[in-house]
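Protein chains: 6
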Amino acid sequence: MMKISARNQLKGTIVDVVRGATTSHVRIDIGGAIVTASITNEAVDELKLAKGQKATAVVKASDVLVAIDG
Amino acid sequence: MMKISARNQLKGTIVDVVRGATTSHVRIDIGGAIVTASITNEAVDELKLAKGQKATAVVKASDVLVAIDG
Amino acid sequence: MMKISARNQLKGTIVDVVRGATTSHVRIDIGGAIVTASITNEAVDELKLAKGQKATAVVKASDVLVAIDG
Amino acid sequence: MMKISARNQLKGTIVDVVRGATTSHVRIDIGGAIVTASITNEAVDELKLAKGQKATAVVKASDVLVAIDG
Amino acid sequence: MMKISARNQLKGTIVDVVRGATTSHVRIDIGGAIVTASITNEAVDELKLAKGQKATAVVKASDVLVAIDG
Amino acid sequence: MMKISARNQLKGTIVDVVRGATTSHVRIDIGGAIVTASITNEAVDELKLAKGQKATAVVKASDVLVAIDG
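Chains as they are written, first to last, in the working numbering: chain D, 42 to 111; chain L, 42 to 111; chain C, 42 to 111; chain B, 42 to 111; chain Y, 42 to 111; chain G, 42 to 111.
Just chain D, with the same shape it has in the complex:
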C-alpha cells in the first residue's frame, strides 16, 4: 500500500471523464461535493479511469486557497 504526503485525500466515485486532445477532466463525487481534476490523457488510460469507479482526489496543502465572504 503506497502512502503519499498530500494532506488532502478525498475518497469518492468518478462521475464522468471528459477527454480532450491531451488533457482530460475527471469529476469525482466525494460525498455530495464534486471535485474536478485536470490530468493527462495518459494518466486516464494508465489508471483506466471510468465513470462509476472508486477514486481519491489528492491535493497538496500548498495548492489550497482559502476564501471567505467578507
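Do not rely on the hints blindly, as some may be mistaken.
Same chains, same names: a pair is fine if it fits in one copy or spans any two.
[As the list claims (entries may be wrong)] Taking lysine to any residue and the SDA-like style, the derived pairs with C-alpha atoms no more than 20 Å apart in a straight line are:
hint	residue 1	residue 2
1	Lys44	Lys95
2	Lys52	Gly111
3	Lys52	Lys95
4	Lys92	Val56
5	Lys92	Val58
These are computed hints drawn from the structure, not numbers from a lab.
Take the given structure of chain D and dock chains L, C, B, Y and G to it, following the hints.
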C-alpha cells in the same frame, strides 16, 4: 460578489489555524472530510481566519491528482 | 464580496480567450504586462470570460518562482 | 541566457525578503503592483536575493486563476 | 545567464513533444528516468522545443509530493 | 497498491529531512540528481520520513516547467 475560475470550491467551517514562522496551516471541515490549506501568515491575518469561521477551500482543477487502489 | 487568501491579485482587462479541446488560455493586461492563465473551458463559460472584460489574475505565493540575471 | 517555458515572467525590483524557519517570502514590485513569492530559504541564499535587486516573478500559466466581479 | 529559485532543475534531453489543442506534453530523459511536462503550445513554439534537444525540467519544491511503500 | 495519476514518479532514497516551524524540506536522491520536496511537518510525521528511507518524488506534469540554454 467575486467569482473565481477554480473548479473546486468546497464550503465548510475552519477547524483550526496553526501558525508557523511564515506559513500557516488552516484546516476546514467541508462536511465530514477535512481539507488542509497551507497559506501565508499574511493571508491568515488579512482574512482574520479563525476557528469556527465559515470558509471555502479553493483548488484549481490542474492541482488535483487522482489515485486508485489497484 | 468574496475575499481570497492568494497574495497575488492583479487587476486588469482580458486581451483574448483562446479555447482548446478542454483547456482555454486567457490573457489579461494588468497594466502593461500581460498575464496568461490556463483554465478549464467550463470556467470560461461559467464566468462568461471574453475580450475587453475586467478580470483579476489570482496567483498563490507558493506558485511564484524568482529569477535573476546572474 | 536560459529561457524558460513559463508564460508569465514579470520583471521588477525586490521590495523585501522575509525569512522564516524554512520558507521565505520575497516581494517584487513589478511596476506598481507587488507580487509575493513564497520560496525556500536555500533559494534566497543561493540567488543572494535582497531588497533593491532586480528580479523576475515567474508563474506557469496553469497556476493562474481568473476572478471577476459578478 | 538567468538563475531561478526552483530547487529542482533536472538536466536532460527531450524524448518527444506531443501537441494538443492548447497544451503540449514534453518528455525529457533526465538520465534513465523520464520527466513529463505539460506546458502551453506557445511555450513549445517560443523555445522551439523538439526531440533530441537539451532541456532542463524545472520543478518548485512546493510542487513535489513524497510517496512511500507502507 | 495505490496508483496515482501523476506522470512523474521518481524513485530514490531520502538524503535528509530539515524541519521548520510548519514546513519540512525532504531531499531525495533519485540516482545522481537530488529532488527537494517542501511538505508539511504533519506529512513527515505520518509517513515517518527519515534519512536512508526509500521514497518516491511525485510531481504532476502541469507543475513541470521546461528551460533551455538559448
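Consistency of the hints with the structure:
| no. | hint | in the structure |
| --- | --- | --- |
| 1 | Lys44 x Lys95 | both (17 Å within a copy, 12 Å between copies) |
| 2 | Lys52 x Gly111 | between (31 Å within a copy, 14 Å between copies) |
| 3 | Lys52 x Lys95 | within (8 Å within a copy, 23 Å between copies) |
| 4 | Lys92 x Val56 | within (5 Å within a copy, 33 Å between copies) |
| 5 | Lys92 x Val58 | within (7 Å within a copy, 29 Å between copies) |
In terms of the numbered hints stated before, the structure departs from none.
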